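So you can see what is in the structure, the chains are spelled out below.
Protein chains: 2
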Amino acid sequence: MKILIILAHPSPKSFNHAIADAAASAARENGHTATLIDLYRQGFDSHLPAGEIPTDGEVAPEIEAMCRDLRAAGGIIIVHPNWWGQPPAILKGFVDRVFRPEAAYRFLEGDNGEGVPEGLLTAGAALVFNTSNTPKERERTVFGDPLELIWKKCIFELCGVDTFYRRMFTVVVTSSEEERREWLGEVRDAVCSYFPAE
Amino acid sequence: MKILIILAHPSPKSFNHAIADAAASAARENGHTATLIDLYRQGFDSHLPAGEIPTDGEVAPEIEAMCRDLRAAGGIIIVHPNWWGQPPAILKGFVDRVFRPEAAYRFLEGDNGEGVPEGLLTAGAALVFNTSNTPKERERTVFGDPLELIWKKCIFELCGVDTFYRRMFTVVVTSSEEERREWLGEVRDAVCSYFPAE
Numbered sequence: 001m002k003i004l005i006i007l008a009h010p011s012p013k014s015f016n017h018a019i020a021d022a023a024a025s026a027a028r029e030n031g032h033t034a035t036l037i038d039l040y041r042q043g044f045d046s047h048l049p050a051g052e053i054p055t056d057g058e059v060a061p062e063i064e065a066m067c068r069d070l071r072a073a074g075g076i077i078i079v080h081p082n083w084w085g086q087p088p089a090i091l092k093g094f095v096d097r098v099f100r101p102e103a104a105y106r107f108l109e110g111d112n113g114e115g116v117p118e119g120l121l122t123a124g125a126a127l128v129f130n131t132s133n134t135p136k137e138r139e140r141t142v143f144g145d146p147l148e149l150i151w152k153k154c155i156f157e158l159c160g161v162d163t164f165y166r167r168m169f170t171v172v173v174t175s176s177e178e179e180r181r182e183w184l185g186e187v188r189d190a191v192c193s194y195f196p197a198e
Numbered sequence: 001m002k003i004l005i006i007l008a009h010p011s012p013k014s015f016n017h018a019i020a021d022a023a024a025s026a027a028r029e030n031g032h033t034a035t036l037i038d039l040y041r042q043g044f045d046s047h048l049p050a051g052e053i054p055t056d057g058e059v060a061p062e063i064e065a066m067c068r069d070l071r072a073a074g075g076i077i078i079v080h081p082n083w084w085g086q087p088p089a090i091l092k093g094f095v096d097r098v099f100r101p102e103a104a105y106r107f108l109e110g111d112n113g114e115g116v117p118e119g120l121l122t123a124g125a126a127l128v129f130n131t132s133n134t135p136k137e138r139e140r141t142v143f144g145d146p147l148e149l150i151w152k153k154c155i156f157e158l159c160g161v162d163t164f165y166r167r168m169f170t171v172v173v174t175s176s177e178e179e180r181r182e183w184l185g186e187v188r189d190a191v192c193s194y195f196p197a198e
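From first to last, the protein sequence lines stand for chains A and P. Reminder that position 106 of the first sequence reads as 106 in our numbering, one-by-one numbering, no gaps. Reminder that position 10 of the second sequence reads as 10 in our numbering, one-by-one numbering, no gaps.
Bear in mind the hints are in silico, worked out from the structure with no lab data behind them. Mixed in with the good hints, there may be bad ones.
It does not matter which identical chain is used: a pair holds within one copy or between any two.
What the hints assert, rightly or not - Once the Cα atoms are required to be at most 27 Å apart in a straight line, the calculated DSSO-like pairs of lysine-lysine come out as: (1) Lys2 / Lys136; (2) Lys136 / Lys152; (3) Lys136 / Lys153.
Model, not experiment: these values are computed from the prediction.
Isolated chain A, as found in the complex (with noise of 0.2 Å):
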């Protein structure tokens, strides 16, 4: 299986550095093929420009290419630090310009937009890691969790993968080194579970 893993931090050294790794090592191990995109490693241009927005819209080659890696993934893998109840804008950028019509979704025939469109991402399962500093109960209570939906309403159910699993790894910056293996342990745990061995 194909798994597709898209990481956002801008520090080489970041726990989710960490993170990303130790669910591409999982994948490999269950004899998957695990493809890491580093967006900031890569200097991912994120600012979707008008000519790319219409459904047959001139887009850049690089672009389709991870269209087409999007779409054929078996599995999705995101790991990203909670920024404002968001992904960091190079993530966001991400989606805007790799979550196209007619890769990730598509609209129905005489649909001008405003319609219900119809997934066409082929992964079994999308994973979420995410990285916070923001106490689980404040997260909920105070700023709704806006990732949450974010996520498996707007991004991964409308386009057609249903099976969804998120974990937002908090408190970060007074966890303990104890703390923080337990957690990459839970991020292979995960991976193996959604995509064991075949």
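We have chain A; now place chain P onto it with these hints.
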């Protein structure tokens, strides 16, 4: 009063631009100073670098200037399309970089970043205008309207701006010219109501 208008849409002929222009005119007619930041036109660099994350991190002078303008604004108006229940990446990056600690909020003494921040913005109100192609009822029931949580709870209340108004204009793609004219009238009315002549 100084009113800061932040706009994110790649097409200069977009309805978002018409909204931002209507908001700026209404503010000026009421005797305020309106500054419009058109993020796409300015080519804003939206990727928060690792070095800017710490409170005492090294911040580019143009970002520092934007932080000062944000903190000093008597009113803030945000204009953007609903893309995946979130702002476009370029605007997300404006929040990541310009809503900085010690500019938009601060951690209380002895707090390593895990606690409850104190808002520092001085704006009397924040207005958010969105455009969308998702019918209102579907946005609420299927997607949970994360933009409301994001702007109201995660950003403006955290930064100390409790007076908040948001209006999502939808469905834009099938709207008539008459309808869009009425919507621009609503924009002007909201600006006049929240930021009346002094």
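Checked hints:
Proximity of Lys2 to Lys136 under the C-alpha cut-off of 27 Å is found in neither arrangement, the shortest distances being 32 Å within a copy and 37 Å between copies. Taking the shortest alpha-carbon separations for Lys136 and Lys152, both the intra-copy value of 18 Å and the inter-copy value of 19 Å come in at or below 27 Å. Taking the shortest Cα distances, Lys136 and Lys153 sit within 27 Å of each other both inside one copy (20 Å) and across copies (15 Å).
Violated hints amount to a single one, hint 1; each of the other numbered hints is respected by the structure.
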